Structures are given as structure tokens and as C-alpha cells.
Amino acid sequence: MNFAGKILLVDDEAHIRKYVSLIIKQLGKMTLFEAANGEDAIAAFQRERPQVVLLDVNMPKLGGIETLKRLKAIDPDCIVIMLTSLTNRETVEQALEHGAAHYIRKDTPKEEIAAALTETIDSATSPS
Amino acid sequence: MVLPLPSVPFNLSDRKILAVDDDRVNLRILRGILTKEGYTAAEANTGERALELYAEFRPHLVLLDVMMSGIDGFETCRRLKSKYGEKCAPIIFVTAKNDSEDVVEGLAAGGADYLPKPFQPKEVAARIRTHLQNQYLAEQQHLLVDQLSKANAAKNRFLGMAAHDLRNPLASIRGISEFLKAGTVGPMTPDQLDLIETIHSASQSMLQMVNELLDVATIEAGELKVNLQSEALDKLVSKCVALTNMEAAKKETKIIFEPPKESVSLRIDLAKIRQVVDNLLSNSVKYSPPGSIITALIWRSEGETHCNFAIRDQGPGIPDDERDKLFKDFSRLSVQPTGGEKSTGLGLAICRKIVEAHGGTIVAENLPDRGCEFRVSLPIT
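If you're matching them up, the sequences are chains A and P in order. Oh and the first sequence: position 23 is 25 in our numbering, straight run, nothing missing. Oh and the second sequence: position 245 is 544 in our numbering, straight run, nothing missing.
The hints are simulated quantities; they were obtained by calculation from the structure and are not laboratory data. In this text the structure is predicted, and so the values were computed from the model without any measurement. Treat the hints loosely; a few may be bogus.
Said to hold, decoys possible - Below, a list of computed lysine to aspartate or glutamate pairs in the EDC-like style, where the Cα atoms sit at most 20 Å apart:
(1) K449(P) x E522(P)
(2) K71(A) x E114(A)
(3) K63(A) x E546(P)
(4) K480(P) x E99(A)
(5) K8(A) x E121(A)
(6) K454(P) x E546(P)
(7) K112(A) x E664(P)
(8) K524(P) x E92(A)
(9) K112(A) x D577(P)
(10) K416(P) x D321(P)
(11) K112(A) x E546(P)
(12) K480(P) x E114(A)
(13) K627(P) x D668(P)
(14) K20(A) x D464(P)
(15) K538(P) x E36(A)
(16) K538(P) x E113(A)
(17) K27(A) x E68(A)
(18) K71(A) x D14(A)
(19) K112(A) x D668(P)
(20) K524(P) x E95(A)
(21) K480(P) x D464(P)
(22) K74(A) x E36(A)
(23) K27(A) x E95(A)
Stated by the list, open to error - To give an idea of the chain P side of the interface with chain A (calculated C-beta under 10 Å), a few residues:
(24) H463
(25) D464
(26) N467
(27) L469
(28) I475
(29) T488
(30) M508
(31) N510
(32) E511
(33) L512
(34) L523
(35) N526
(36) Q635
Where is the CB? At the ideal position from N, CA and C, for every residue including glycine.
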């Protein structure tokens, strides 16, 4: 992974944040921030201005899709990767329509999660 | 959910009966019998009037004279049947002409039974009671089937939700144990590593079981959808074989893939067919003794209408009397995995449903010496 900027990880489940943060730490020198719901995510986003956001779809208070819309309104260039449970095609399509760069299923093996993160972030942040 | 059991109520006197006859005397006799039995009766003296009255009165049973001025009993019966279909009340013909032609025509017009004139009150009452009882039981049965299918759908929704919600925590446990195993968060003692290995393999097999439960819930809810795209089956199988061989190596078992001479492209749902291939491959390793050689092959059928994919293992084969159970839900055979592996008994049932959703077939046959062959045949379109 060439990217070494800020990344915000948003998921209401603490075990997922712990697990995915381990994967992210393995990938390189990113600075990681975490949020447990959509509202906190927007606050953290405004404060830290991360280039990349990993965003859970199903969350209380403010859901993933709504959070995505608001993040994109603040910064249309931010790279948002959705974290999904099952491949719910409608939700995924909706997320991609609203500017998500990619989606990753949380129950896939960690190597696949790592590969998908690297590919998406590198291609979205490459200077071309 | 507790379901009421159907029982025949002794008293069916809340039932409504429509009596149709152009002879006033007959109508009066019938009314007497019906009233005595406690039924609510309505009367019509022509077929046309009977059709009108049926719509208003909604009887549970119709007693219908055959010979009437205007439309006769047979025609009245046909019209009622065509208008109300299966929901039409049973119709009993009353006929003075007790000849078999009349009876046959009445039954052909949709009549449930016939009563000869002159009436024997006890006979009339007994026949009516029998038909009302049958009708009541049929109603109860419909009700039960309806309730059961609703309960089954609720069970599937629950199963799906439970399986779905268990996946993420399990994936985290599995993933985090992998990090521990790899020493990412610091060195582990051999004893600790052994425990972590146990956590890892337990979470891995639980995740697989949960995934299978979820698949069954999805399939049972009729939500199995295949997204067909042109894909090379041989490339898919080659990848799956390479991955399964890593697991198989633990049992010193090896899968040898014999690819077809030319690559075969099929319209398939890649993820779902991959699930089938993975399942069959891991089964072949699971049930073959350590040190086995398993063969996977792909070939086109004669006439090139289908593409076959087969896996030949060196396991004990399928006992003849258990063959029917093989592709059914939750059916574990007496045959046991050779390395203590776990099984939900759902894998092959899921495989069958996925293959059938592709318009294909899956069969299992014992090989002449030992082992068995699982063969999937998919249409080439």
C-alpha cells in the first residue's frame, strides 16, 4: 500500500473495529481514526479530514447510506469504502450510486479484505 | 405456535342449506327435515332463482332438483360451479328418476352426491351430515396448511436473521485469532498457539455452518437467484482445486485436476457454482482416508449440450439404502468424515438447489472398486 494518509473506520460493532483496524495496521503507515456511528463519523470526518473512510452500512442513529451522502456533500473527493454484511445488491448499488468507491464483505477472509482495501485505495489515490 | 387440531363438531347446525325444487310439497318435506336437524334453510323453486339466492344466502350445501321448468338442475349446477369454482358448496341432486344415466350426468356436472325421491328423512339427514363434515374437514385442512406455511416462513426468516447476525462476530473471532497465530501482536508460547489454533478452527467451522444455514433459509424463502454470466468452468475448478489442496495436504491427500482439452465457457453464477465445486471438493477430502488421490475432471457431453464436472474420491462410497437421503436437508449419512471434520448435512442439499437453479443436475454413483463419483451436469447455452 502506497497510501500513508488518514483513514476513518466506522462501524457500530467494537469487534469489527478491532478486527479491521488490525488489518489496516498491517497494510502500512496510515493514521487510523474510529467512530461507532454515523453522527460520530461525520464529526470525526470534519475534525480530521481523512482521505479514506471505511463505512458500515447498518448502523443505529445515522445509517451508512445517509452518512455516505453527508460525507460526500462535505468532501466529494473522499474515498468511501462500504463495509457490508451480506451482498445486499440493492444497498450496494445505492452506495455506489452515491459515490462509494467499493464495498467489502466483512465475513470474507482477512487476506481478501486487505487486498480489496489496497487495490481500491491505491487506485483512487494514484496521481494519474 | 400452537395449532388447533381439526375435529368434527358434533353440532353442524349453524350451517346453511339451500333447497331447490319446483314442487312445493317436496320443498315442504325438505324444509321439515332440515329444520328438524337445526340447519338454516332457504328455498328456491327454479334454477334461476337458485342462482340469485345462492349469491345472497351463501349456503354451505345445495339440494338441487333435476327436472325443473327454465334451466334444469344440471345446468344450474354447471353455472354455480363455473361461477364459484372450488369454493362452490357441495351440490346434492334430488331426483325422482333413480336411473343411473341421470346420476352419472349429475355427477359429471359437478354434483357431489344424489338423493332419490321419495325422501327417506333419515337418509337425507345422514347424507347431508356426511357432506357437511367433509366440507368442514377440508376447511380445517386449508386453514392448517395456511397456518403451517406461515409458521414455516416465519421459521425461515428467524433462521436467516439468526445466521446473518452470527456471521460478523464469527468472522471477527476467526480473523483476530489469525492475527494472534501470526504473531502480529507479539510472540506466543506453543501452548498458547495450540489454544489459538483451536479457536481459529472452531470459529472457521462455525462460520461455515452458519453460512450453510443462511443458504438454506434463503433457498427455502424462494430467494435463491442466479446471476448468469459467461465464465470458464475449468479456470474456476483449477482455482478451487489449488485452494482445497492446501487443506488436503494436512491429510496427505491430493486432488488431481484433469482439465478439458479446450477451455469450456458456460453461463453460470460464478460465486454459486464455486460454492458447489468447493463443497464437493472438500467433501471428497473429508470422506477419503488420509493419503488418498482424488480426481476432478471436466468434459463435454456427447452432442456438446452439457458440460460435466466430476469428482472421484476414494472414500467408502454411499450405502445403497442411504442414497435417497444424500441431497436432502439435514441428512447426514452413517459415513463419517475421516479426519474428525464437521458437517451440517446441508452442503449437498444446497449444491443440488444451486445446480437445479442453473437448469443442471447433480448425481452421485459408487465407483466399481471403492469411492464414489459426484457428477454435476450443466447446460451449455
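For each hint, the structure was consulted:
1. K449(P) x E522(P): holds, 16 Å
2. K71(A) x E114(A): Given that 20 Å is the threshold and the Cα spacing comes to 27 Å, the pair is violated.
3. K63(A) x E546(P): Since the Cα atoms of K63(A) and E546(P) sit roughly 43 Å apart, the hinted pair is violated (cutoff 20 Å).
4. K480(P) x E99(A): Answer violated: K480(P) to E99(A) is near 39 Å, above 20 Å.
5. K8(A) x E121(A): Status holds; Cα separation ~17 Å.
6. K454(P) x E546(P): Outside the cut-off at roughly 35 Å; violated.
7. K112(A) x E664(P): violated, 38 Å
8. K524(P) x E92(A): holds, 14 Å
9. K112(A) x D577(P): Within the cut-off at roughly 19 Å; holds.
10. K416(P) x D321(P): OK: K416(P) and D321(P) at ~13 Å, within 20 Å.
11. K112(A) x E546(P): Answer holds: K112(A) to E546(P) is near 18 Å, not above 20 Å.
12. K480(P) x E114(A): With Cα atoms ~18 Å apart, K480(P) and E114(A) stay inside 20 Å; holds.
13. K627(P) x D668(P): violated, 26 Å
14. K20(A) x D464(P): holds, 18 Å
15. K538(P) x E36(A): Distance of about 36 Å is beyond 20 Å: violated.
16. K538(P) x E113(A): holds, 16 Å
17. K27(A) x E68(A): violated, 28 Å
18. K71(A) x D14(A): holds, 18 Å
19. K112(A) x D668(P): violated, 42 Å
20. K524(P) x E95(A): OK: K524(P) and E95(A) at ~17 Å, within 20 Å.
21. K480(P) x D464(P): violated, 25 Å
22. K74(A) x E36(A): holds, 18 Å
23. K27(A) x E95(A): violated, 29 Å
24. H463: Result: holds, 6 Å to nearest chain A Cβ.
25. D464: holds, 9 Å
26. N467: holds, 5 Å
27. L469: holds, 8 Å
28. I475: Holds: closest Cβ of chain A sits about 5 Å from I475(P), inside 10 Å.
29. T488: violated, 21 Å
30. M508: Violated - the Cβ of M508(P) stays beyond 10 Å from chain A, reaching only about 13 Å at its closest.
31. N510: holds, 8 Å
32. E511: violated, 13 Å
33. L512: violated, 13 Å
34. L523: violated, 14 Å
35. N526: holds, 9 Å
36. Q635: violated, 28 Å
When each numbered hint is compared with the structure, violations occur for hints 2, 3, 4, 6, 7, 13, 15, 17, 19, 21, 23, 29, 30, 32, 33, 34 and 36.
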